[in-house]
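> Listed here are the chains, written in short residue letters.
2 protein chains.
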Amino acid sequence: MNIDLLLGQLRKQSGLDDADCAVFASKLRPAKFKRRESLLQQGQVSRDAAFVLSGCMRAYSLDDNGFEHVLQFAPPGWWITDMYSWISKKESNLCIEAIKDAQVALLSRDDQLELFDRIPKLERYFRILAENALVSTRTRLMENMSLTAKQRYHIFLKTYPNLGNDIPQKLIASYIGVTPEFLSKIRGEK
Amino acid sequence: MNIDLLLGQLRKQSGLDDADCAVFASKLRPAKFKRRESLLQQGQVSRDAAFVLSGCMRAYSLDDNGFEHVLQFAPPGWWITDMYSWISKKESNLCIEAIKDAQVALLSRDDQLELFDRIPKLERYFRILAENALVSTRTRLMENMSLTAKQRYHIFLKTYPNLGNDIPQKLIASYIGVTPEFLSKIRGEK
Numbered sequence: 249m250n251i252d253l254l255l256g257q258l259r260k261q262s263g264l265d266d267a268d269c270a271v272f273a274s275k276l277r278p279a280k281f282k283r284r285e286s287l288l289q290q291g292q293v294s295r296d297a298a299f300v301l302s303g304c305m306r307a308y309s310l311d312d313n314g315f316e317h318v319l320q321f322a323p324p325g326w327w328i329t330d331m332y333s334w335i336s337k338k339e340s341n342l343c344i345e346a347i348k349d350a351q352v353a354l355l356s357r358d359d360q361l362e363l364f365d366r367i368p369k370l371e372r373y374f375r376i377l378a379e380n381a382l383v384s385t386r387t388r389l390m391e392n393m394s395l396t397a398k399q400r401y402h403i404f405l406k407t408y409p410n411l412g413n414d415i416p417q418k419l420i421a422s423y424i425g426v427t428p429e430f431l432s433k434i435r436g437e438k
Numbered sequence: 249m250n251i252d253l254l255l256g257q258l259r260k261q262s263g264l265d266d267a268d269c270a271v272f273a274s275k276l277r278p279a280k281f282k283r284r285e286s287l288l289q290q291g292q293v294s295r296d297a298a299f300v301l302s303g304c305m306r307a308y309s310l311d312d313n314g315f316e317h318v319l320q321f322a323p324p325g326w327w328i329t330d331m332y333s334w335i336s337k338k339e340s341n342l343c344i345e346a347i348k349d350a351q352v353a354l355l356s357r358d359d360q361l362e363l364f365d366r367i368p369k370l371e372r373y374f375r376i377l378a379e380n381a382l383v384s385t386r387t388r389l390m391e392n393m394s395l396t397a398k399q400r401y402h403i404f405l406k407t408y409p410n411l412g413n414d415i416p417q418k419l420i421a422s423y424i425g426v427t428p429e430f431l432s433k434i435r436g437e438k
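Respectively, the protein sequence lines represent chains U and Z. Numbering-wise, the numbering used here puts 309 at position 61 of the first sequence, and it's gapless, one number per residue. Numbering-wise, the numbering used here puts 308 at position 60 of the second sequence, and it's gapless, one number per residue.
Worth double-checking, as some hints may not be accurate.
Since the list can't tell identical chains apart, any single copy or any two copies may satisfy a pair.
As a list, the in silico BS3-like pairs of lysine-lysine whose alpha-carbon atoms are at most 25 Å apart [claimed, not checked]:
hint	residue 1	residue 2
1	K260	K369
2	K275	K369
3	K406	K338
4	K260	K398
5	K433	K418
6	K338	K275
Hint data in this document are derived by calculation from the structure and do not stem from the laboratory. The structure displayed is predicted, hence computed values, not measured ones.
Modelling step: build the complete structure from the supplied sequences, incorporating the hints.
If you want it as structure tokens, here you go:
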């Protein structure tokens with residue numbers, strides 16, 4: 249498993265040195281997922297957060313009518329987990345699966361908390377990560393309440409600049425909250 | 249300013265001792281807001297996060313059509329800020345104002361970051377706070393995409409058990425994303 253992408257982030261954003269990186273790396277477990285293979289299913293307890301090294305994952309929920317709602321895509325360089333289940337050890341409300349064959353590095357919550365006591369800079373890295381994820385999620389919540397589907401589609405393209413033509417359109421529709429037919433109409437407009 | 253409510257949280261959740269609490273308290277600044285008075289207006293840079301000691305604040309955005317969308321209410325015991333503006337020092341997209349006369353303790357981002365170096369347990373407190381806020385906001389985002397307005401209203405009542413009859417109904421309507429007339433209809437149903 250080549251985790252340079254992750255260690256690069258840790259060195260650059262939080263100043264971890266080689267010794268810290270080695271301790272952190274020793275807690276990571278490699279995993280591979282074929283397209284449509286699940287890391288987590290609704291109702292399971294999430295043991296691991298995943299850092300995507302290659303491919304692409306997504307987190308989504310299934311509503312009572314069987315409709316999927318995409319919370320997040322995770323291309324290389326992104327973390328993905330059901331944060332609620334991961335920190336509470338309660339049953340997950342989300343499914344997480346690969347949408348392209350993916351390689352990931354897994355980290356359990358227990359290992360993460362133990363590492364925070366050994367490497368305070370790692371707690372800082374994850375504190376900043378949580379703050380940034382909070383800003384993004386709040387922004388998206390407000391956008392969903394106040395912007396049109398077309399505006400939300402253009403924000404999707406900015407958030408995930410490499411995914412627009414790379415993943416099934418029905419997943420993008422499910423992320424911005426419209427039918428695939430409506431997304432097709434938006435894409436057709438100049 | 250009586251900040252026992254805040255120091256109680258810090259002692260209980262993060263094990264801060266009296267000396268740490270005194271250092272933290274020395275960075276807090278008291279402020280009072282009359283109903284409808286603003287802590288932050290859209291377009292300003294957010295200097296301070298506010299911990300609500302009494303009364304109630306709210307954060308909301310105004311869309312291009314003049315409609316308000318409530319991101320958050322903050323009754324006593326809650327923090328409130330435009331996280332995006334507070335951490336980036338860029339212009340805010342949110343307004344924050346009192347909906348009932350409020351007393352708050354203000355903390356600047358610069359002071360917070362300086363305190364993290366002096367009191368690692370404080371960084372832990374705010375890391376956990378950011379994680380929990382992320383879980384709540386993600387949950388609300390998924391609920392907005394998949395639940396009915398009536399279901400969202402009942403979740404509002406659980407999230408803010410003391411606010412249902414205590415604040416203007418139009419603000420609750422704006423939080424769950426319906427018109428006041430539609431909320432009135434929901435409340436009338438058994």
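> All hints, please: hold or fail.
Evaluation of the provided hints:
Within a single copy, K260 and K369 get their C-alpha atoms as close as 12 Å, and across copies as close as 24 Å, so both meet the 25 Å cut-off. Taking identical chains as interchangeable, the C-alpha atoms of K275 and K369 lie at most 25 Å apart whether they share a chain (16 Å) or sit on different chains (23 Å). Taking the closest pair of Cα atoms, K406 and K338 come within 25 Å of each other only across two copies (19 Å); inside a single copy the shortest separation is 33 Å, beyond that limit. Within a single copy, K260 and K398 get their C-alpha atoms no closer than 35 Å, and across copies no closer than 46 Å, so neither meets the 25 Å cut-off.
For the homomeric pair K433 and K418, the shortest alpha-carbon distance inside one copy (13 Å) is at most 25 Å, but the shortest distance between copies (34 Å) is not. In this assembly of identical chains, K338 and K275 lie within 25 Å of each other by CA distance solely inside one copy; the values are 22 Å within and 37 Å between copies.
Of the numbered hints given earlier, the model fails hint 4 alone.
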